[in-house]
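Protein chains in written order, with our numbering: chain V, 1 to 184; chain Z, 1 to 524.
The set of hints was computed from the structure by calculation and includes no laboratory data.
Every residue, glycine too, gets a C-beta built ideally from N, C-alpha and C.
Some clues are possibly wrong.
To give an idea of the interface, some chain Z residues facing chain V are shown, with a C-beta separation under 10 Å as derived from the structure [stated by the list, open to error]:
1) Ala105
2) Leu106
3) Thr148
4) Pro151
5) Ile173
6) Ile176
7) Val207
8) Ala233
9) Leu241
10) Gly311
11) Tyr314
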Amino acid sequence: MSAHPNNRTLLAKLIALAAAMFMFAIFVLPPLYDLFCEITGIGGKTDGAYTAVAVEVDTSRDIEVQFVATNNATMPWDFYPIEERVVVHPGESRAVVFYAHNRTGQDMLGQAIPNVLPNNATDYFHKTECFCFNNQPLAAGESAELALVFIVDPDLPPSVNTVTLSYTMFDITDRAVAQISQVQ
Amino acid sequence: MAHGPATLADGWGKYISRWVFTTNHKDIGTLYLWFSFAMFIMGGAFAMIIRAELFQPGMQLIKPEFFNQMTTMHGLVMVFGAIMPAFVGLANWLIPMMIGAPDMALPRMNNLSFWILPFAFAILTSTLFMEGGGPNFGWTFYAPLSTTYAPDTVNYFIFGVHIMGASSIMGSINIIATVMNMRAPGMTYMKMPLFVWTWVITAFLLVAVMPVLAGAVTMMLMDINFGTSFFDAAGGGDPVLFQHVFWFFGHPEVYIIILPAFGVVSQIIPTFSRKPLFGYSSMVYATAAIAFLSFVVWAHHMFTVGMPIAGELYFMYATMLIAVPTGVKVFNWITTMYRGSLTFETPMLFSIAFVILFTFGGFTGMMLSIAAADMQYHDTYFVVAHFHYVMVAGAVFSGTAAVYYWLPKWCGKMYDETMGKVQFWIAFIGFNITFMPQHFLGLAGMPRRYADYGLQFADWNMVSSIGAFMYGGAQILFLFNVIRTIGWGKPTDDPKVWEGAEGLEWTLPTPAPYHTFSTPPKVK
């Protein structure tokens with residue numbers, strides 16, 4: 001059975017297509033997804049640290065900002081906002097505090113992941129300082145006040161009067177231990 | 001018969017080597033079909049365990065942890081082990097004979113793509129006997145269930161999926177190469193039988209999306225073992241990304257399962273209607289349109305993740321659009337039968353049941369595509385009923401029809417028509433008793449994937465289980481009929497077998513010789 005001369009070229013092309021789709025799934029889809037979420041604000045992921053620019057405070061608008069704190073899965077910490085809601089004017093810088101307490105007998109590392117609702121407010125909620133920019137080490141029995149400084153952008157869509165900022169605290173102790181042992 | 005295949009008379013050693021080292025498309029097709037039937041029986045046994053547990057409310061037979069493993073393994077084994085290899089087996093047997101080629105284009109790769117499959121499923125099934133149990137996160141293996149909360153055996157599952165993906169990709173490449181390069185002179189693309197057309201389109205879908213599945217499980221593997229955070233929010237990833245990647249594979253996958261079934265039915269209905277297929281070219285274009293649309297509708301599986309309204313509307317309308325080419329197909333099948341001189345042999349019965357029940361399953365799909373209504377239907381038994389109507393009454397019925405239709409050609413013996421019809425009616429009635437009540441259960445709010453349920457669901461669950469045992473029994477009859485045919489069936493040497501059959505494979509002697517079309521036929 002003589003192989004058709006074109007079979008090998010076709011084989012190579014199709015294998016290349018399969019390999020390209022594999023690369024697409026791993027290296028293109030996840031960044032594309034993140035980019036899409038960032039542009040549209042879907043998923044409520046806020047940007048990193050924001051450098052405050054001088055804007056006029058819009059005293060005509062009152063925006064209620066609500067805070068929600070949850071523990072992920074088996075995270076045993078006490079974790080809650082000191083103030084559950086504050087009212088701010090757009091453009092005004094405001095500091096609030098979250099409380100975290102490691103009730104266990106072990107040193108632990110936490111990571112808070114923010115999420116903003118509604119989606120169209122995500123791009124207008126700026127954080128100049130946030131505990132979520134770093135992970136939070138808490139020794140056994142230790143507690144801490146975690147600081148957040150934020151500005152609601154004056155360009156916030158007029159339909160939005162309430163913004164909810166939610167933090168989920170993840171236990172990343174094992175992950176950090178694994179990374180340290182990898183470095184060593 | 002100097003070049004004939006080794007038979008048992010040549011001794012066990014030679015006989016086994018023949019099957020292990022074979023590069024013959026008919027041998028490999030046979031291997032695929034038997035393998036898929038074995039997987040079908042195994043996946044069916046899992047389903048029987050599920051339905052036995054759900055026969056009554058409360059926990060009777062198995063623990064909930066094991067129930068979860070059963071639902072997961074049932075889905076994985078049926079989709080990747082039974083349905084897909086069955087159609088690859090049919091493609092191996094039939095495509096060379098239908099386009100006048102002597103064999104598949106890449107015969108040694110063909111051997112490899114089959115023989116890695118049993119290993120994939122051995123790896124996957126062995127997890128059931130390991131500490132921690134097999135995969136228990138559903139056949140869609142959503143992260144973080146399949147990453148953070150998975151049993152340790154998840155790595156075996158991942159390697160199993162990698163191997164079966166490699167097998168599918170190689171099988172598809174072979175089919176594309178065969179169809180593009182090995183057609184007999186005069187066999188233009190628009191003269192190819194529809195089964196060949198649907199398979200070549202399916203093969204392109206497979207080459208495009210099986211690597212995406214491999215990518216998804218690779219990302220899982222890295223999240224679990226190497227500290228990456230593709231799907232872990234704690235490290236900046238997103239579990240919803242998993243669903244997007246999975247369904248980017250998963251939605252084309254459902255057409256991978258159903259398109260070859262469309263092809264089979266498009267061969268059988270004209271034969272027993274004694275009329276050419278109505279609207280051949282519209283069938284080809286409809287198949288291509290369905291394949292294209294399958295890439296742009298994936299998020300209708302995840303309306304409940306909190307998508308913006310614009311996304312919901314887009315995915316809703318795009319999904320509904322698929323009903324147009326599918327409707328063209330159903331119209332063509334019915335019009336082929338219209339004023340034909342119909343006879344109702346077993347393959348035709350299964351094909352007509354396919355058209356009716358697949359259309360029914362398509363309509364429930366339309367209901368599910370309505371984003372607002374899907375909030376209610378999502379993850380209920382309504383979804384289970386929907387996809388069993390399209391996958392069992394769709395793919396499995398057409399696969400059964402295909403076996404009855406071509407079995408006389410393959411082995412030169414007729415099956416028992418009465419037994420075939422009895423099997424059909426038990427299967428048809430059993431199937432509907434099983435899955436029709438699941439629509440009611442789903443609409444009443446019974447969620448899928450639980451080992452127990454509220455008392456208000458008890459009656460219909462019992463009915464459903466009784467139907468499932470009936471349907472399972474029909475498959476045993478099927479197995480018996482096939483073995484009886486091969487061993488003791490009435491010999492036939494009529495090349496056409498069926499009076500109305502058209503196509504190159506029916507010009508060959510019956511049973512089909514080991515090597516066919518060594519010199520290509522002329523197609524006018």
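So, going through the hints one by one against the coordinates:
For Ala105 of chain Z, the shortest C-beta to C-beta distance to chain V is roughly 5 Å, which falls under 10 Å, so the interface hint holds. For Leu106 of chain Z, the suggested interface contact is upheld, since its CB lies about 6 Å from the closest CB of chain V, less than 10 Å. For Thr148 of chain Z, the shortest C-beta to C-beta distance to chain V is roughly 8 Å, which falls under 10 Å, so the interface hint holds. Contact between Pro151 of chain Z and chain V, as hinted, is not supported at the beta carbon level, the nearest pair being about 16 Å apart and thus beyond 10 Å.
Satisfaction of the interface hint for Ile173 of chain Z is found here, the shortest Cβ-Cβ separation to chain V being roughly 4 Å, below the 10 Å cut-off. Restraint check, Ile176 of chain Z versus chain V: the minimum CB separation of about 6 Å is within 10 Å; hint holds. Proximity of Val207 of chain Z to chain V holds as hinted, the smallest CB-CB distance being about 5 Å (cut-off 10 Å). The beta carbon of Ala233 of chain Z is positioned within 10 Å of a beta carbon in chain V (closest approach about 5 Å), and the interface hint is therefore held.
The criterion of a C-beta within 10 Å of any C-beta in chain V is met by Leu241 of chain Z, whose closest approach is roughly 5 Å, and the hint holds. Restraint check, Gly311 of chain Z versus chain V: the minimum CB separation of about 8 Å is within 10 Å; hint holds. Because the smallest distance between the Cβ of Tyr314 of chain Z and any Cβ of chain V comes to about 13 Å, over 10 Å, the interface hint for this residue is violated.
When each numbered hint is compared with the structure, violations occur for hints 4, 11.
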